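There are 2 protein chains.
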Amino acid sequence: MDFKQTLRQNAKKTESLLKKVADDFAKNQVNEAIKYSLLDGGKRLRPSLVFETAKLFGVYDNNVERIAMAIEMIHTYSLIHDDLPCMDNDDFRRGKPSCHKQFGEDIAVLAGDGLLNLASETLLGGVCSQNYFDSIKFVFECSGICGMIGGQAIDISKTKTNDFETLEFLTENKTAKLVMACVCSTAIYCGASKKQKESLCEFAKNFGIAFQIADDLLDAESDKNLSFSNLLGIDGAKDQLQKYTNQALNELNDCFAKEKLSFFEQLLDYNLKRNH
Amino acid sequence: MDFKQTLRQNAKKTESLLKKVADDFAKNQVNEAIKYSLLDGGKRLRPSLVFETAKLFGVYDNNVERIAMAIEMIHTYSLIHDDLPCMDNDDFRRGKPSCHKQFGEDIAVLAGDGLLNLASETLLGGVCSQNYFDSIKFVFECSGICGMIGGQAIDISKTKTNDFETLEFLTENKTAKLVMACVCSTAIYCGASKKQKESLCEFAKNFGIAFQIADDLLDAESDKNLSFSNLLGIDGAKDQLQKYTNQALNELNDCFAKEKLSFFEQLLDYNLKRNH
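Protein sequences appear in the order of chains S and W.
If you want this note's numbering, it's the 1-based position in the first sequence plus 60.
If you want this note's numbering, it's the 1-based position in the second sequence plus 60.
In short, the hints are calculated from the structure, not lab data.
The model shown is predicted, which means the values in this text are computed figures rather than measured ones.
It cannot be assumed that every hint is accurate.
When chains are identical, the list treats them as one kind, so a pair holds in a single copy or across two.
[As the list claims (entries may be wrong)] Derived SDA-like pairs: lysine to any residue, alpha-carbon spacing no greater than 20 Å straight-line:
id	residue 1	residue 2
1	218	164
2	103	157
3	255	76
4	218	86
5	303	332
6	73	280
7	318	225
8	87	232
9	161	147
10	333	299
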């Protein structure tokens with residue numbers, strides 16, 4: 061099956077899993093806001109990474125589904141809070157009014173909180189094992205103050221410096237850590253060897269940064285913030301995109317048979333060409 | 061040891077545990093805001109309930125400490141977000157500027173998010189067992205959209221009705237569920253019997269509601285919202301306080317030897333007299 065078809069199938073699976081969770085929601089505005097933001101038919105790249113990593117190990121079960129759903133919930137909550145007037149103040153998200161525009165700021169704050177909490181509930185609804193426990197722990201290390209929130213803390217800091225070191229730290233934490241959560245927490249759950257875990261973590265980190273650079277290049281004209289295209293220029297950013305893409309691929313090839321890597325190779329290629 | 065001394069000792073223990081966690085924080089404004097709100101020398105009633113419930117079963121270990129810390133983190137994050145301008149818009153919390161007043165709204169939103177995430181990290185840093193896994197699951201069920209956040213969703217709703225049924229639902233979810241998290245998740249971890257868990261849950265629910273009524277009575281003159289004192293008058297609210305207190309005590313007496321219950325009895329008595 062080709063890459064885009066796989067991506068679409070995984071997105072459909074994710075949508076249907078999340079819909080089942082949302083069907084049990086009590087009727088109130090906060091839950092409506094959660095549904096509005098969570099069930100928006102996005103690409104579901106993060107759940108796709110979970111499913112395709114699990115496939116590397118021949119695993120598919122309810123716990124894998126829970127990891128996929130939980131990380132999408134964490135991603136969605138971070139977007140809701142990022143869009144708030146006191147943060148990025150974005151009125152639109154994926155072509156429709158952002159959560160606080162549609163429901164009000166108070167409800168958007170609670171919807172974000174509710175989603176982060178729901179990620180914990182979703183993960184803890186699974187079957188307990190030492191590997192699963194460790195994988196859940198890894199997810200929240202990636203999304204917390206030493207990961208995604210740590211990156212956001214630097215991003216909103218009034219004293220941040222406009223240099224490459226800051227940009228790399230910010231990108232690794234704000235974007236790449238949640239990509240690492242998808243790939244590495246699934247690998248931990250699936251019983252990956254130490255070498256496999258290390259390679260997959262490095263792949264995910266490099267792909268996560270490459271993904272952010274491609275995003276920066278797409279937004280190059282409108283973005284006023286510290287970004288790869290603003291700091292290095294278009295050509296400099298493209299060089300970095302290629303560098304991180306190569307590094308990501310090398311890591312994988314070290315550890316898995318080439319015929320197993322088709323999805324990941326095509327994903328890197330797709331990301332590389334996004335900005336053309 | 062008398063009740064107030066026990067409470068002070070538990071508060072001191074909690075403060076020192078939380079300080080150790082905060083010592084490892086990276087230096088940034090979000091982490092400073094988390095420390096500011098978390099390490100404020102409060103009564104630490106919720107951690108105290110965790111420690112004293114564990115004592116009923118003769119248990120004290122690192123996992124119990126983690127349950128105590130995590131619930132205090134969840135409580136603190138809910139206060140930071142509750143105080144935001146788009147929510148209750150409170151400038152002060154426990155005699156000092158609220159988190160967003162001190163650090164700005166964007167940092168306060170992230171500090172709350174960071175604390176909720178830190179609660180997960182703290183719990184998942186413990187030693188895995190089926191009972192512990194189940195107890196963590198219970199914590200997040202209590203704090204989520206079917207618990208604390210569900211209660212807040214009704215509280216901020218513009219269409220909520222001013223009746224006793226709504227008030228009971230709101231109080232049980234917004235306040236009592238986190239009290240239930242303290243007592244029942246600890247009981248689950250300590251291997252309580254089904255009967256013990258049921259009794260402790262009912263105790264915690266009734267004490268949680270009684271605690272909120274005593275709070276309502278203290279704020280009776282300033283509070284304009286739906287509250288026990290506003291809906292039932294001072295005398296009506298006092299009757300309800302006595303009713304829930306009696307119910308809480310009856311549940312405990314059914315299940316544990318009287319000599320083990322001294323802390324809980326004195327706690328109910330202390331709460332009953334708070335408003336005099």
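### Task
Check residue 303 against residue 332 for me: Cα-Cα at most 20 Å, and say if that holds within a copy, between copies, both or neither.
within (11 Å within a copy, 67 Å between copies)
#### Entry: Up to 20 Å CA-CA - residue 299 versus residue 333, copy category
within (13 Å within a copy, 70 Å between copies)
### Message
Please sort residue 161 with residue 147 into within, between, both or neither, judging by C-alpha distance up to 20 Å.
### Response
both (14 Å within a copy, 15 Å between copies)
#### Entry: Within, between, both or neither: residue 218, residue 86 at alpha-carbon 20 Å
Result: close only across copies, 17 Å inter versus 40 Å intra.
### Task
Using 20 Å as the alpha carbon limit, work out where residue 73 and residue 280 are close: within a copy, between copies, both or neither.
Neither way: residue 73 and residue 280 sit 33 Å apart in one copy and 51 Å across, limit 20 Å.
### Alpha-carbon proximity between residue 255 and residue 76, which holds within one copy, between copies, both or neither at 20 Å
Neither: 34 Å inside a copy, 38 Å across copies.
### Query
For the identical chains here, do residue 87 and residue 232 meet the 20 Å Cα criterion within one copy, between copies, both, or neither?
This pair counts as between: shortest inter-copy Cα distance 17 Å, intra-copy 38 Å.
### Message
With identical chains, the pair residue 218 and residue 164 could be close in the same copy or across copies; at 20 Å between alpha carbons, which is it: within, between, both, or neither?
### Response
Classified as between; 11 Å across copies, 27 Å inside a copy.
### Query
20 Å Cα cut-off: does residue 318 pair with residue 225 within a copy, between copies, both or neither?
neither (33 Å within a copy, 62 Å between copies)
### Message
Within a copy, between copies, both or neither: which one fits residue 103 and residue 157 at a CA-CA cutoff of 20 Å?
### Response
Classified as within: same-chain Cα gap 18 Å, cross-chain 42 Å, threshold 20 Å.
Against the hints set out earlier in the document, violations occur for numbers 3, 6, 7.
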